[in-house]
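Colleague: Sequence:
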Amino acid sequence: MSEQPVATRRRQPQHTGQPRRIPSQQRGRERFEKILAVAAELIERHGSDGLKMSEIVEMAGLSFGALYQYFPDKSAIIRTLAERFNEEGRRCVEAELAKVTGAADLQGALATIVDEYYAFFRREPVMRDIWHATHTDKLLQQVDAEDMEFHAQAFLAVLLRLWPDREPNELLAIARLTMQLLAAAVRYAVTLDAEEGDEAIALFKKMQGADIGRLLR
Numbered sequence: 213m214s215e216q217p218v219a220t221r222r223r224q225p226q227h228t229g230q231p232r233r234i235p236s237q238q239r240g241r242e243r244f245e246k247i248l249a250v251a252a253e254l255i256e257r258h259g260s261d262g263l264k265m266s267e268i269v270e271m272a273g274l275s276f277g278a279l280y281q282y283f284p285d286k287s288a289i290i291r292t293l294a295e296r297f298n299e300e301g302r303r304c305v306e307a308e309l310a311k312v313t314g315a316a317d318l319q320g321a322l323a324t325i326v327d328e329y330y331a332f333f334r335r336e337p338v339m340r341d342i343w344h345a346t347h348t349d350k351l352l353q354q355v356d357a358e359d360m361e362f363h364a365q366a367f368l369a370v371l372l373r374l375w376p377d378r379e380p381n382e383l384l385a386i387a388r389l390t391m392q393l394l395a396a397a398v399r400y401a402v403t404l405d406a407e408e409g410d411e412a413i414a415l416f417k418k419m420q421g422a423d424i425g426r427l428l429r
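Residue numbering for the sequence shown is 213 to 429, as defined by this note's numbering.
The set of hints was computed from the structure by calculation and includes no laboratory data.
Straight-line alpha carbon distances no greater than 20 Å define the calculated PhoX-like cross-link-like pairs of lysine-lysine that follow:
# : residue 1 : residue 2
1 : Lys417    : Lys311
2 : Lys286    : Lys246
3 : Lys350    : Lys286
4 : Lys246    : Lys264
5 : Lys264    : Lys286
Keep in mind the model is a prediction, meaning the values are calculated, not measured.
My request is simple: use the sequences and hints to build the entire structure.
Modeller: Below is the structure:
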């Protein structure tokens with residue numbers, strides 16, 4: 213029998229696009245959070261392409277030395293923001309998948325995840341901008357790929373529990389494609405105005421009607 217995939221988050225060590233250090237002292241943590249808050253405000257105003265370290269220094273009331281003590285470049289700031297938003301999304305996905313006790317629960321859980329993910333993107337313009345930047349930024353593409361794999365592995369754990377006799381690689385393929393389609397639908401919907409986006413999400417949830425349980429019969 214083939215070895216079952218394990219639900220783990222896969223990371224590769226990176227020396228760019230990462231904070232220099234995560235502060236442990238309260239004063240350092242406050243500076244760290246201030247930098248991120250200011251950066252998020254500037255991204256909301258001007259987009260991630262328009263983010264400038266000089267503006268962060270001015271708005272946060274810090275020296276360049278203090279800023280570079282935590283973040284070597286703006287890519288590290290943007291990546292940190294992206295990973296924080298992703299953590300919030302993971303908590304939502306894990307909470308909904310934890311409620312699944314049988315195949316009949318899957319469609320409802322996925323529909324809730326779609327709704328929560330869509331609402332999250334709607335209320336977070338910074339995350340929308342970062343996602344758009346992902347298309348041309350290799351570091352952000354890595355963050356996005358890691359996040360998608362995390363969700364796929366979390367969903368895989370549910371599928372393995374519900375269909376223990378099925379080939380794990382078949383379930384993994386289903387888990388990955390399901391999460392990719394879900395994310396694509398949400399990201400498309402947030403490019404539309406609110407009314408059209410709501411309609412697109414409602415349509416996508418109806419299209420999910422061909423549930424995974426029927427696929428695996």
